[in-house]
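With chain A's structure known, arrange chain B on it following the hints.
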Amino acid sequence: MTLTPKLSSKPKVAVYKFSSCDGCQLALLNLEDELLDLAKAADIAYFLEATRTVKSGPYDLGLVEGSVTTPHEAERIKQVRAECKFLIALGTCATAGGIQALRNFTNADEYAKTVYPHPEYLEYLDKATPISEHVEVDLSIWGCPVNKYTVVEVIAALLQNRRPNFPPSPVCLECKRNGTICVLVAQGIPCLGPVVHGGCGALCPANGRGCYGCFGPSSAGNFNSIVSVLQPLERFPGEAALLLRNFSGYAPAFRKAADDSLKASARKEPK
Amino acid sequence: MKTIEVPALARVEGEGGLYIGLKDGQAVEIRLDIYEPPRFFEGFLVNRFLQEVPDITARICGICPVAYQMSSVYALESALGVKVSPQVRALRRLMYCGEYIESHALHIYLLQAPDLLGQPSALDLAAIAPQVVKDALRLKKIGNEILKSIGGRSVHPVNACVGGWYRWPDIAPLKALLPDLEWGLEAAIDCVKWAVTLPFPDLKIDYEFVALHHPEEYGILEGEVWSSKGRKLSVADFEKGYLEEHVRHSNALHGHTMDGGNYLVGPLARLNLNHAQLLPLAQKALKDNKIKLPLTNPYKSLIARAVELVQAYEEAIMLVKTYQPDGPAHIELKLKAGEGAGATEAPRGLLYHRYQIDAQGRVQFARIVPPTAQNLPRIEEDLLALVPKIIAMPQEEATLTAEHLVRSYDPCISCATHFLKLRVEETGE
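Read top to bottom, the protein sequences are chains A and B.
Residue numbering for the first sequence follows my numbering, beginning at 1 and increasing consecutively.
Residue numbering for the second sequence follows my numbering, beginning at 1001 and increasing consecutively.
If you are wondering where the hints come from, they were derived from the structure by calculation, not from laboratory data.
Quick caveat: nothing in here was measured; it's all calculated off a predicted structure.
One or more of the hints may lead you astray.
[What the hints assert, rightly or not] Below, simulated SDA-like cross-link-like pairs (lysine to any residue); rule was C-alpha separation at most 25 Å, straight line:
| hint | chain 1 | residue 1 | chain 2 | residue 2 |
| --- | --- | --- | --- | --- |
| 1 | B | 1240 | B | 1141 |
| 2 | B | 1334 | B | 1322 |
| 3 | B | 1148 | B | 1317 |
| 4 | B | 1336 | A | 188 |
| 5 | B | 1334 | A | 231 |
| 6 | B | 1148 | A | 181 |
| 7 | B | 1148 | A | 178 |
| 8 | B | 1232 | B | 1208 |
| 9 | A | 55 | B | 1129 |
| 10 | A | 268 | B | 1052 |
| 11 | B | 1334 | A | 113 |
| 12 | B | 1334 | A | 189 |
| 13 | B | 1134 | B | 1281 |
| 14 | B | 1193 | B | 1401 |
| 15 | B | 1240 | B | 1043 |
| 16 | B | 1023 | B | 1381 |
| 17 | B | 1334 | B | 1049 |
| 18 | B | 1229 | B | 1275 |
| 19 | A | 113 | B | 1339 |
| 20 | B | 1141 | A | 38 |
Only chain A is shown next, with the shape it has when bound in the complex (with noise of 0.2 Å):
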């Protein structure tokens, strides 16, 4: 995470839609407590999903919720960059591609035949890939969707010029925080909290099943550890590497994880 800049006092900001499913935009909108008085500190000046009106950049801060599936993505992100100061990775499609990122396992032009009957009609690249892979990020936001408060709390400190306060701690720390008795060690229910970053709550514990990881990885994960306590859980095999190889399934800790959890499940199949 880069400092950050000083933001003009009333800035400019633009929300970016790439593919997704406006779930991280909905956040903003769901603000409803914060949304005018955000609406009174910055100047919304590009937000399609609320607004016809469109104020030209360059823009202080932008906010791109998506991963980039197209051709035509592929460039406009280039433009996104050149015209904000500040860019902000917005969720974690944005952040590690996402679920489309699911399409970088296998062959896109095999799903294309699967859902589309006309697969020569469509235009997309083989991979899904994070903004981070076409263009310098300044920050990012994971979460499938993003906790809303974490976008208030960092759009605070771009004004307040302070870092934000964004602890990089996994969800297990929540499940303490919040007196939740420990899905995977009590009730042996695969968990990815040991390892993914906190920031919803601890929520899927809370409700008595195994996170599943839209946080996307904690750099404070032990990667190796939790392949070896997920295998022995595996009700057939493979189902792990299912569990890493989902909504962040394409960060490189995850992607790394998978892999090693496939091997091992493949060790385990009777000869």
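Positioned in the frame of chain A, the structure of chain B alone reads:
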């Protein structure tokens, strides 16, 4: 009018473009270009374990994730031949009420109303009518609070599973919402009163309405697929009546009936087909405001949404008051190979899923028919009907009226897959 070009259609979910080709003052071609990137979800689902399906399909849409979760779980439960308990089902209805509230309040006030009140956005609207926008945000927030209380968060909630819920939500946070829900019910009733006074553009379309119908309740979760032309099909037979085709200008498939006609799904279809099943206060709102059914003006789907907002608040209050977790939160599933279909009513309309699973519970085949894909050909037809009315208008007004029509559908272009760009130009000599 020669050429009107707007970079992208605003205040819709996803990205798309509109092309209207004119010759001698007549529309010769109308196309809703969907250039939201193709998203391959049905492909991603293959080989996934069935319990992953509701979490993955939720990611099709950030505004209506509950709809995707619910159609998934009903389809997969049908494949396994299991039926959830009445308590589990009641909580599913409540969760769906939360989604209707947040999605409809968002659409009525933040996405469509600015068109009717001559503002570019709700934020601009807030400058001239702050109380309307504050109330709108509160109305919407309460829906999100229901979702949060049941599913942990409002976008991509985490509690729904095949067979029921991972755990029963705590009673206290839900009951604590009652004062807000009571306020919301009154505000929703006022919303209907306000909605009927709005200056809707004039347009009358002879639609074939299609929606789920349930004899005992306003159809959302289960029922038969009814059409205003008299066709009645079980959900399992949906594909015998309706199909999708792939057209060149769209990354979304287009829906048609078997006899080649267009049809409409969504709030107008539901209200027109199922108004007899509305709860008393929603019925009263129809009557008090002299709303004559069927509503056949697509712009007036805002009124249908407002009535459904009353319905959703009214039902949510009932369900919160009677919420009493009893028995297991979910069925212990016995895995077996099978096939099953499920349909529920997303805020934007009927959402159909079908899956084949193997003996280990892994998906072998998935088919998803989102509401916006079904409505796309209908939107194009509506635009064709609109052209004579807007052709004499100044460019900006014509553009806005056409954009407004598309927006009134509440299209979920990401769902249907996505960039809306409006371009009206003369073709030929």
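Exercise. Out of the numbered hints, which ones does the structure contradict?
Worked result: The structure breaks hints 1, 2, 11; every other hint is satisfied.
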